[in-house]
Amino acid sequence: SQKIEQNSEALNIQEGKTATLTCNYTNYSPAYLQWYRQDPGRGPVFLLLIRENEKEKRKERLKVTFDTTLKQSLFHITASQPADSATYLCALDMRGNTPLVFGKGTRLSVIA
Amino acid sequence: DTGVSQDPRHKITKRGQNVTFRCDPISEHNRLYWYRQTLGQGPEFLTYFQNEAQLEKSRLLSDRFSAERPKGSFSTLEIQRTEQGDSAMYLCASSRTGTHTGELFFGEGSRLTVL
Chain H
141 SQKIEQNSEA LNIQEGKTAT LTCNYTNYSP AYLQWYRQDP GRGPVFLLLI RENEKEKRKE
201 RLKVTFDTTL KQSLFHITAS QPADSATYLC ALDMRGNTPL VFGKGTRLSV IA
Chain X
-2 DTGVSQDPRH KITKRGQNVT FRCDPISEHN RLYWYRQTLG QGPEFLTYFQ NEAQLEKSRL
58 LSDRFSAERP KGSFSTLEIQ RTEQGDSAMY LCASSRTGTH TGELFFGEGS RLTVL
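Chains H and X are the protein sequences, given in the same order. Under the working numbering, the first residue of the first sequence carries the number 141, and numbering increases by one thereafter. Under the working numbering, the first residue of the second sequence carries the number -2, and numbering increases by one thereafter.
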């Protein structure tokens, strides 16, 4: 079955640096890959969606890449701020046939 | 757009009791999903509805779990004879698209603690 691995449980970076989070999957490539932000005790909030035929997608300080050869997506936050501290979840669409499958998430802490 | 609302936000119950959670999705959204999330894990799919029809249920959803969406609007998730392993955050999400590919709008969740 499809497995999703997010690079680490926790990532600490200095304010102003670029945070890079990794999402790896096994088996077949999804048609879509989504990234969500989740704050403690809150529901996830959608950030970006990237399709299999797109290499890169940007939104303000956020950038997502999708490499179907490596079976990997990278999520970048440039000029990170303490307010970016949260858990970031990647989620895969299994070719539209099943609901989104989520990874465990990476907890990002941006230190001032 | 008032967002997805869930009630109650927190529920503490004793093992063996029944609990019911309610979800009100965004009004024009046809799809409604239930996910469960435990500490340190991502959301796990439980079930989803297209309008009032329940189209898929996860193997995680034991016979003690039942979900309804009677008029294609709000939904309820009932857990009978709760067990300590049911302790989790129960998340509801809705989507405006007719497939699984659109973004999900999540509620704030209902946190269940079974003593």
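Bear in mind the hints are in silico, worked out from the structure with no lab data behind them. Every residue gets a Cβ at the ideal spot worked out from N, C-alpha and C, and that includes glycine. Misleading hints may appear alongside valid ones.
Label pairs and their in silico Cβ distance ranges [said to hold, decoys possible]:
hint, chain 1, residue 1, chain 2, residue 2, range
1, H, D207, X, E65, 37 to 43 angstroms
2, H, H216, X, N15, 23 to 29 angstroms
3, X, P5, H, V185, 20 to 26 angstroms
4, H, R182, X, N15, 24 to 30 angstroms
5, H, T208, X, S59, 32 to 38 angstroms
6, X, A50, H, T162, 33 to 39 angstroms
7, X, G13, H, T218, 50 to 56 angstroms
8, X, K54, H, K211, 24 to 30 angstroms
9, H, T208, X, Q14, 45 to 51 angstroms
10, X, R12, H, D207, 22 to 28 angstroms
Going down the list of hints, with the structure as the test:
no. : hint                               : result
1   : H:D207 x X:E65: 37 to 43 angstroms : holds, 42 angstroms
2   : H:H216 x X:N15: 23 to 29 angstroms : violated, 46 angstroms
3   : X:P5 x H:V185: 20 to 26 angstroms  : holds, 21 angstroms
4   : H:R182 x X:N15: 24 to 30 angstroms : holds, 26 angstroms
5   : H:T208 x X:S59: 32 to 38 angstroms : holds, 36 angstroms
6   : X:A50 x H:T162: 33 to 39 angstroms : holds, 37 angstroms
7   : X:G13 x H:T218: 50 to 56 angstroms : holds, 51 angstroms
8   : X:K54 x H:K211: 24 to 30 angstroms : holds, 28 angstroms
9   : H:T208 x X:Q14: 45 to 51 angstroms : holds, 48 angstroms
10  : X:R12 x H:D207: 22 to 28 angstroms : violated, 47 angstroms
The structure fails to meet hints 2 and 10 from the earlier list, while all remaining hints are met.
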